[in-house]
Amino acid sequence: MLIRFYGLRLLIVSPFRYQLHNSTMAQEIINVNSFIRGYHEYQDEWEPTLGDVYKLMREPDNVKDSNAVAVVKEKSGEVAPPSTSTANSHPNNVTDKFEVIGHIPKLMAIWVSKFLKRPTNCGKVVIKGKRVNRGGGFGLEIPCEYNFEGDSFSTKWLKAKLIKEEFLQ
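Count along the sequence shown from 1, then add 5; that gives the number in this note's numbering.
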């Protein structure tokens with residue numbers, strides 16, 4: 006399949022590989038063991054179960070932190086009214102269709118928010134344990150594994166930032 010876009014030729018090789026001018030951009034995944042923060046604020050909304058998977062979405066309108074990255078689940082049972090902003094919004098930004106159930110750690114969010122600005126990048130979280138309070142003023146947290154998927158350039162950039170902040174080794 007050959008597609009022309011602004012004079013560039015793009016050859017689709019497979020769902021996750023694209024060939025552009027003889028270079029290959031493959032999707033890569035980074036896995037990070039960490040915690041979902043803020044469970045004490047959302048414990049009335051949900052009960053985590055080992056193995057549950059949730060999406061990560063940017064919250065640029067968050068009053069406390071414009072780089073906040075929320076852990077979200079789809080709202081169930083209620084139909085959200087159609088919103089004009091939802092149709093034109095970024096695919097990695099929180100919309101009315103999702104309910105916030107926690108956040109990623111603030112130092113990680115600075116870099117993950119930038120990573121999620123690219124629409125082809127995405128993130129998810131897998132629950133790995135029961136709620137804990139490790140002290141330090143973080144409240145109740147949920148042990149988890151974050152999975153960040155994106156093109157090679159973006160994942161290498163994010164990996165370098167996470168290593169520098171000691172989220173990865």
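Think of the hints as simulated: they come from the structure by calculation, not from any bench.
As the structure is a prediction and not an experimental result, all values here were calculated from the model.
A hint or two may mislead.
As the list claims (entries may be wrong) - Calculated lysine-lysine pairs in the DSS-like style (CA-CA distance at most 25 Å, straight line):
| hint | residue 1 | residue 2 |
| --- | --- | --- |
| 1 | Lys102 | Lys164 |
| 2 | Lys161 | Lys102 |
| 3 | Lys80 | Lys135 |
| 4 | Lys111 | Lys78 |
| 5 | Lys111 | Lys69 |
| 6 | Lys122 | Lys161 |
| 7 | Lys78 | Lys135 |
| 8 | Lys169 | Lys102 |
| 9 | Lys161 | Lys135 |
| 10 | Lys129 | Lys60 |
| 11 | Lys119 | Lys135 |
| 12 | Lys135 | Lys169 |
To be verified - Distance windows between CB atoms, simulated:
| hint | residue 1 | residue 2 | range |
| --- | --- | --- | --- |
| 13 | Asn36 | Gly141 | 20 to 30 Å |
| 14 | Val131 | Ile168 | 36 to 46 Å |
| 15 | Glu171 | Ile34 | 17 to 27 Å |
| 16 | Asn38 | Ser157 | 29 to 39 Å |
C-beta atoms are modelled at their ideal positions from N, C-alpha and C, and glycine is treated no differently.
request  = Find the hints from earlier in the document that the structure breaks and name them by number, from lowest to highest.
outcome  = Hints 1, 2, 8, 9, 11, 12, 14, 16 contradicted; others consistent.
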